[in-house]
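From these two lone chains plus the hints, build me the complex, please.
Line by line, the protein sequences give chains R and C. If you use our numbering, the first sequence corresponds to residues 21 to 116, in order. If you use our numbering, the second sequence corresponds to residues 927 to 1402, in order.
Derived by calculation from the structure, the hints in this document are not laboratory data. Just so we're clear, the structure is a prediction, and the values are computed from it rather than from any experiment. The reader is advised that the hints may include incorrect statements.
[Unchecked claim] To spell it out: a stretch of chain R is covered by chain C in this simulated footprint if at least three of its residues, at any positions, have a beta carbon under 8 angstroms from a beta carbon of chain C; those stretches are:
1. 49 to 62
2. 71 to 79
3. 83 to 96
4. 106 to 112
[Claimed, not checked] Selected chain R positions facing chain C (Cβ under 8 angstroms, derived; list incomplete):
5. LEU26
6. LYS36
7. THR42
8. LEU66
9. ASN99
Idealized CB from N, CA, C, for every residue including glycine.
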Amino acid sequence: MAVTLLEVEKISKLAKLRFDDTQKNKLQEDMNRILDYVEKINELNLSKVEPAGNINETYNLFRKDEIKQNLKQEEIFKNTFTKSPPFFKVPKVIKK
Amino acid sequence: MKPVPRSLSEIRDLIKEGKITLPNLINSCLENIKSQKDLNAFISVFEKDAMQNAEIVQKKIIGGKAGKLAGLVISVKDVISVKDRLMTCGSKMLSNYTAPYNATAIERILKEDAIIIGKTNCDEFAMGSSNENSYFGAVRNPFDSKRVPGGSSGGSAVSVAAGMCTASLGSDTGGSVRQPASFCGITGLKVTYGRISRYGLTAFASSFDSIGILANDINDTAEILNCISGYDENDITSSKKPVRDYYKEIQKEINPKDIIIGYAKEAFETGIQDEIRETILLKLEELSKRGYRVKEISLPNTDYIIPVYYILTSAECSSNLSRYDGVRYGYRAELEATDGIEEMYTRTRSEGFGEEVKRRIMLGTYVLSSGYYEQYYKKAQKARQLIIKDFGNAFKKADYIITPTTPTTAFKISEKTDNPLEMYMSDILTVSANLAGLPAVSIPAGKDKNGLPVGLQITGKKFDEAGILRLAKYIL
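Excised from the complex, chain C in its bound form (with noise of 0.2 angstroms):
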């Protein structure tokens, strides 16, 4: 692997230095993708396009009329649209679909002079833990590539651990920007629900998708969220709370007598790997003996977490999955001349979309078929709201909540393939902030016997996102 700087600070300095200049860095990158070709991170690379920008935007930089993300490359999530770009979402559903208009988070990025060098591999419409689900082949992990990477954001979170880019915007639903960063070494943000627009984001389940930032550098994630949040009248769930300077509010020093942080034993009970509970738990330690109050807090309802998860996420899939039916665009199944419309669109589904896919599909529909829907979608809509009131109640004693980010590190290709409930287990620890719609984010925290990282995870108060970040730079 050839040597990739690891933040944007690092790349402007040797810019200035005229050690590097950023063609040079895009070489280097897309060297790192075709010698790691068996990691499977990317889907498409925009070698010729990446290029021609970096000397575009190196002139800016030695003109000093570059934009604030100028030197970042970034590599982009397959659900993500990036305008006359293929988006495929990892399916064969939408193999063939380019992208008509650039997401919002997209043309903000743009604007500050970001180069986006591909797009990245990921679990079909996101719906998976390992980037097994993709039609275009597993993502393996760059620390071990019989394992994992996590998922859905697998390829984002290689693509940067791998040094074939600097960051990643990736999507989060349950855990898929943490979860893949936590198994890869780096920082996942997910941000508070509503606080990156999901304008140009292919949906999966609505309430609870959000955009997230993949990262080498606490920093980097910083520039790129005051880039990319805040209002767009396209999304009228993104919120119109201002937006914070993120950077210049993480390089503010804490007291740490002024925050406590909050404990949740439920989160370091069964399941979890004895080397990450100790791992997190000396952390822990560490910041009580730097003066940070700790304090143990309850989150009752941790038990229905993953239940309440599923029974949402699948309803609201089934009825946004329910646009894929070969009419004006994506996958069509080649039919007999006899076939009608309704043989169309089954066929097309049919051939379309993958095993998890259908599965949850499946399951999505029959929670909300008559007779089941309120048996399970609406009671499990009424625990949602219990579990928000946890954290409600949490946050009242506590300013944030720090918990492993996943219950193991990363495992084996194939190991969970077969028990779709097991493989949902592993996204316990992640799923609660996008039940309740906070952020959180996941940052190394050290190593387990066989060399995979370890994540902790900092969950805050609703657009608390300075709050969680200035923390994670603290603790890091």
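Chain R extracted, bound-state conformation (with noise of 0.2 angstroms):
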């Protein structure tokens, strides 16, 4: 099943990325070729076989409620584009 343009499309919106005409056009090249490739696992009867979930065995793991010391808030906001504790600072999210 080969991707449509429009499908690049929609996946980009998606996955909040913006490509101008020439890259949408070589990545649904690139994800044809890709997914016709991956198309092989269509091969395999897979009918009877559960999805494997976590490599290793897993078992439940409990720790005592204790409060301990995280990073300060100074810290975390020496990494912010507007340095503004203790808000991270955002464009408008509600349009007029």
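The structure is reproduced here in structure tokens:
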């Protein structure tokens, strides 16, 4: 099943990425080439196979409910764009 | 290039004999970094701190109070957090990001007096097999600078191979430690999933990622592993299985008759460079002459390894990398006053990520999207189960599996950049260990006619790092 240009646009919206027309065409070509190849898994009979979940055996891990030292606020905000503790400043969320 | 000791034991001996000091050694490493700047192995170098720490550790060694890794000069792939240092992940997205804490593995090596010399270049967010996908430029192979060093831990492999440090910590999601180790003629270990805590390792594909060790000397690999493996409450997937003394274990004698080596014929079939096939088969023959039992085993689903790997890792990456949105840290696009938050997300991500990362996010979003989830993602998870079973069956017949690490030796820069699928195929022999969560090590096994290193890979049962390292030491 080939990926259409319309699907490339839909997926890029979901992934919050933007591409120009040349990039879209290249992506469509690349994705189709890769998907064509990965279609190979359809040759396998998987009807009775359980999907692999965790790679190692898993068990519940309990710990005491204690307060531990976390990163300090000023350490966290060193990496922010606006350096405006205690807030992360972003552009307007609600349009007028 | 200034000569530097190959291993930790050599360094310790030379220091004890008074022939070198740790500050001298750091100086030589720093000179090698400077004189080979064209290889582009480092993103940041900790010149001043490394020198200061060298003086402290030198005193500790003389005073007999040094930690287990005293004397080790180590580099760290720039996807692992070192407190108060830049961690770029080879991406514009994090080119201004300073890690606010140490990864657990870093915490543990520092406690044992290892000296970190700098952070190494890598493919962006560890996605790549050639180290050409870095925002900071391609890394070059020290054996031939027109060729790639492998990836994604390319800078790590080069830093060890070119005398810039003694060992390096990298990460391996599909071969990112073993493949560059093979291309650069050094040792690269990927541990069992969960053996080393991933806390502080930037997530790419969480059910595949593992921290790995690159070194010249297999004893160093074992000593570093001793220090960094084991349960960590900050990573719930880290294992509580007891940590063995890997160093001690690999010094033990092996009785070849007790060991069965699996020869997976599928790994020697199509697409393998003749000289690599011959080199590895010759090694198997030698082992058999020395008394090891070499037995043919089968991994029938080998053809499905790359498809399953790319579906699942792209899916996991698209989810993991959704955190880079410009809100809390990292790059944020310059916006017009009228732009809203959606525009900030989209512009930030479009400008911050490179081409390969975007391609994988797109592919991952596609295979997880409504209508395709069942068709791709779920099927791939089932196929992963079959591959895990293949290894389960193989390890009923053999203790270890020996294959080449890579289908070819180091290829030329730009040779595969136009065709992502061809690039992905260079991981065909390494990704299965990540799909099944197994430990695997690549060791140098010879050179091809161009003088480029050939790697031999030993894959073992889960948590048998001691076994694969011991066999590796025997072969070396």
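How the hints compare with the structure:
1. 49 to 62: It holds: at least three residues are needed, and the segment 49 to 62 of chain R offers 11 whose Cβ sits within less than 8 angstroms of chain C.
2. 71 to 79: holds (count 6)
3. 83 to 96: Result for this restraint: holds, n = 4.
4. 106 to 112: Holds, because 4 residues of the segment 106 to 112 of chain R bring their Cβ atoms closer than 8 angstroms to Cβ atoms of chain C.
5. LEU26: violated (13 angstroms)
6. LYS36: Holds, about 5 angstroms.
7. THR42: This hint is violated: THR42 (chain R) lies away from chain C, its Cβ roughly 12 angstroms from the closest one there, beyond 8 angstroms.
8. LEU66: Given a least distance of 4 angstroms, the restraint on LEU66 (chain R) holds.
9. ASN99: holds (4 angstroms)
Violated hints, listed in ascending order, are 5, 7; each of the other numbered hints is respected by the structure.
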